[in-house]
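Given next are the chains, with one letter for each unit.
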Amino acid sequence: MSRRSDIPIIALSTAGSRAPVDLLDLPLIGRLLRWRHARAALQLPVLLLALLMIWDGFTGSQLAPKNLATVLTWVQYRGLLLLALLACGNVFCMACPFMLPRNLARRALRPTRSWPRWLRNKWLAIGLLGLFLFGYELLDLWASPFWTAWLIVGYFAAALVIDSLFSGASFCKYVCPLGQFNFVSSLVSPFEVGVRSPQTCADCRTKDCIAGNVNQRGCELWLFQQRKVGNMDCTFCLDCVHACPHDNVGIIARVPGAELLTDARRSGIGRLEQRPDIAALIALITFGALLNAFGMVSPIYALEAWLAQVLGVRSETPVLSLIFVVGLALEPALLLGGTAWLSRQVSGRRGPLLRVATRYAYALVPLGVGIWAAHYGFHFLTGFWTFVPTLQNLFADYSWPILGQPRWELGPLLSAQWLTPVETGLIGLGWMGSLLLAGQIASADGRRRWVAAWLPWAALATLLALLALWIMSMPMEMRGTVFGA
Amino acid sequence: MRIRLVISVMGACALLVTGCSRASEQQPSVGVELHVTPEPLALGPATVVVTLRDEASRPVVGANVVVEGTMSHAGMGSVNAPTREVAPGRYEGAFEFNMSGDWVMIVHATLPDGERLERQIPLGTIALRHVEET
Numbered sequence: 040m041s042r043r044s045d046i047p048i049i050a051l052s053t054a055g056s057r058a059p060v061d062l063l064d065l066p067l068i069g070r071l072l073r074w075r076h077a078r079a080a081l082q083l084p085v086l087l088l089a090l091l092m093i094w095d096g097f098t099g100s101q102l103a104p105k106n107l108a109t110v111l112t113w114v115q116y117r118g119l120l121l122l123a124l125l126a127c128g129n130v131f132c133m134a135c136p137f138m139l140p141r142n143l144a145r146r147a148l149r150p151t152r153s154w155p156r157w158l159r160n161k162w163l164a165i166g167l168l169g170l171f172l173f174g175y176e177l178l179d180l181w182a183s184p185f186w187t188a189w190l191i192v193g194y195f196a197a198a199l200v201i202d203s204l205f206s207g208a209s210f211c212k213y214v215c216p217l218g219q220f221n222f223v224s225s226l227v228s229p230f231e232v233g234v235r236s237p238q239t240c241a242d243c244r245t246k247d248c249i250a251g252n253v254n255q256r257g258c259e260l261w262l263f264q265q266r267k268v269g270n271m272d273c274t275f276c277l278d279c280v281h282a283c284p285h286d287n288v289g290i291i292a293r294v295p296g297a298e299l300l301t302d303a304r305r306s307g308i309g310r311l312e313q314r315p316d317i318a319a320l321i322a323l324i325t326f327g328a329l330l331n332a333f334g335m336v337s338p339i340y341a342l343e344a345w346l347a348q349v350l351g352v353r354s355e356t357p358v359l360s361l362i363f364v365v366g367l368a369l370e371p372a373l374l375l376g377g378t379a380w381l382s383r384q385v386s387g388r389r390g391p392l393l394r395v396a397t398r399y400a401y402a403l404v405p406l407g408v409g410i411w412a413a414h415y416g417f418h419f420l421t422g423f424w425t426f427v428p429t430l431q432n433l434f435a436d437y438s439w440p441i442l443g444q445p446r447w448e449l450g451p452l453l454s455a456q457w458l459t460p461v462e463t464g465l466i467g468l469g470w471m472g473s474l475l476l477a478g479q480i481a482s483a484d485g486r487r488r489w490v491a492a493w494l495p496w497a498a499l500a501t502l503l504a505l506l507a508l509w510i511m512s513m514p515m516e517m518r519g520t521v522f523g524a
Numbered sequence: 068m069r070i071r072l073v074i075s076v077m078g079a080c081a082l083l084v085t086g087c088s089r090a091s092e093q094q095p096s097v098g099v100e101l102h103v104t105p106e107p108l109a110l111g112p113a114t115v116v117v118t119l120r121d122e123a124s125r126p127v128v129g130a131n132v133v134v135e136g137t138m139s140h141a142g143m144g145s146v147n148a149p150t151r152e153v154a155p156g157r158y159e160g161a162f163e164f165n166m167s168g169d170w171v172m173i174v175h176a177t178l179p180d181g182e183r184l185e186r187q188i189p190l191g192t193i194a195l196r197h198v199e200e201t
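First to last, the protein sequences are chains W and R.
Numbering of the first sequence is given in my numbering, commencing with residue 40 and proceeding in unit increments.
Numbering of the second sequence is given in my numbering, commencing with residue 68 and proceeding in unit increments.
The following block holds chain W by itself, in its conformation from the complex:
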């Protein structure tokens, strides 16, 4: 651990103190997770739910609040996703239903190709995630059971096709937009799949965790446990847990975000400082959080109307395209580049601008996750119970009202007075986490003038947090555009 910093270092390990909590050692849950079919047991009900959502999305009411496809996807799923990431780890990748058909297909279709070398980065996934965020706005996915159902079908198809053609978990690691969001968010999760005893790994000759054995495949995302650091690219599939002959892999508690303090070489990833693609992914997710929330408050109408007038158009596509290019590309590039330049100037430190921006971009993770959590939390808390009448309605539609008549008035989990404190708290926690991380990165890079290096990044994080608070302070509107229905 570095001793060069003047500010307290967050311990990365509890060496010399009590051993960290390992979920695999807990009664019941540990036993379940150690079962080699644990993942399938989680995936199967999610698969059935996904099929039900597809069915309702295509055949049911096309009014979003009355359809399982839209209700479960845009309300419960997004909220539970963030909850699981903040409380545990990448549970939703663990329970991913898209892998079940793919696993089934691999019994007959053994992929022989390796993922193309020039695509072994996050740039494709970044493009797809940006496209998804754009499509979400353009197609009004939140209001369309039909298109939401197609989105789910599309995910199944993409996972199946890509992983039937290419070996490993190429879809998860290099393509899946949802997976990339989960990977980045899990950087601040309190648990990590990791080794219990480094010495046991050092003594191991078979390396089953990555090579696999006759009973169990190894890690399909090419994360070698002995040199794995953190949660990036880890789907919590637990293949390594089940493959390890020494029972040396656990799901271990850690300080959230602490993995970002080290720039050690990570198995399957390399050094974070040398991964501008991952930094760009983090920037997309952070600025995407702001843009996505901004799309739900009234100033967006004024902006769209003004842009439509300036551009002389009547269609939403060019206006939205411009907003997205500015919001997801230009703005992050300018702000991150400008802050990196300023940080370098005032601290007198040297180094390529891209490397500085890349290194400090990781400090935005807590804030980005905090903003997404605030936004998704709003929908989750205001609409939690809406799945009940939707499910009741589905059964009633088939003249089988075993769940009773739909109670459409059901909605919030908490009363409205709790929304602002929860949203503010989540953004505040994210902001503080980003300030702390940026400070730790600055001090780890050298004691000299670390505060000067840190201040511009602290200012950027504060600006983004204030923007988020401003957006969340405005009443969220359940959508509409100046271009009309």
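Hints may contain errors.
[As the list claims (entries may be wrong)] One-sided excerpt, in silico: chain W residues whose CB lies under 8 Å from chain R:
| id | residue |
| --- | --- |
| 1 | Leu-102 |
| 2 | Pro-104 |
| 3 | Val-114 |
| 4 | Glu-448 |
| 5 | Ser-454 |
| 6 | Leu-458 |
| 7 | Pro-460 |
| 8 | Gly-464 |
[As the list claims (entries may be wrong)] Now the stretches of chain R that chain W is said to cover, found in silico as 3 or more residues with beta-carbon under 8 Å:
| id | segment |
| --- | --- |
| 9 | 142 to 151 |
| 10 | 159 to 168 |
Calculated from the structure, these hints are not laboratory results.
The structure displayed is predicted, hence computed values, not measured ones.
Virtual Cβ for every residue (Gly too), placed ideally from N, Cα, C.
Fit chain R to the known structure of chain W by using the hints.
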């Protein structure tokens, strides 16, 4: 070859499903008009008036009418407004627009002969303006 077969089968299944729709009850031939005040529509309390007329344009009296309001985005419980008959075929109730955005009103009516009627009427965007009390 096999992967193409798998993709084709998946695509065919998806297309077939998109063509399905759940059988809905035959709707009675009753004309439904919905009028909401104040105008322009705004956040806050409102009055909904539903007018029911049969095929011969005669008012439908004695129906049980409830107006349900929901929004285009999933994640909000519906707002229900029971109504009372204030004139033959004219049913009035108190409603509350509790959020800005796109609203869809659904008129649920149980007719005197027991038949049930449901009509969706999009209202468009409710702006964030509060009605001033007079």
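Query raised in the report: With a Cβ-Cβ cutoff of 8 Å, does the segment 142 to 151 of chain R contain at least three residues near chain W?
Result: Check passed, 6 qualifying residues.
Query raised in the report: Given Gly-464 (chain W) as an interface hint, is the shortest Cβ-Cβ distance to chain R below 8 Å?
Result: Since the shortest Cβ distance to chain R is 21 Å, the answer is violated.
Query raised in the report: Would the hint on Ser-454 (chain W) stand, with a C-beta cut-off of 8 Å toward chain R?
Result: This interface hint is violated because 12 Å lies over the 8 Å limit.
Requested in this report: Go check the segment 159 to 168 of chain R versus chain W for me, would you? Three or more residues, Cβ under 8 Å, otherwise it fails.
Outcome: Satisfied; 3 residues make the cut.
Query - Satisfaction of the Pro-460 (chain W) interface hint, Cβ to chain R closer than 8 Å - result: Violated: closest Cβ of chain R sits about 19 Å from Pro-460 (chain W), beyond 8 Å.
**Report entry** When the least beta-carbon distance from Leu-102 (chain W) to chain R is tested against 8 Å, hint result
**Finding:** With Cβ-Cβ at 6 Å, under 8 Å, it holds.
Requested in this report: Verify the interface restraint on Val-114 (chain W): the C-beta must sit less than 8 Å from at least one C-beta of chain R.
Outcome: Interface hint status for Val-114 (chain W): holds (4 Å vs cutoff 8 Å).
Query raised in the report: Does the CB of Leu-458 (chain W) sit less than 8 Å away from some CB of chain R?
Result: Violated - the Cβ of Leu-458 (chain W) stays beyond 8 Å from chain R, reaching only about 12 Å at its closest.
Query - Status of the hint placing Glu-448 (chain W) at chain R (closest C-beta pair under 8 Å) - result: Holds - the Cβ of Glu-448 (chain W) comes within 8 Å of chain R, reaching about 5 Å at its closest.
Requested in this report: Let me know if the C-beta of Pro-104 (chain W) comes in closer than 8 Å to any C-beta of chain R, holds or violated.
Outcome: holds, 5 Å
Hints 5, 6, 7 and 8, counting from the list given before, are not met by this structure.
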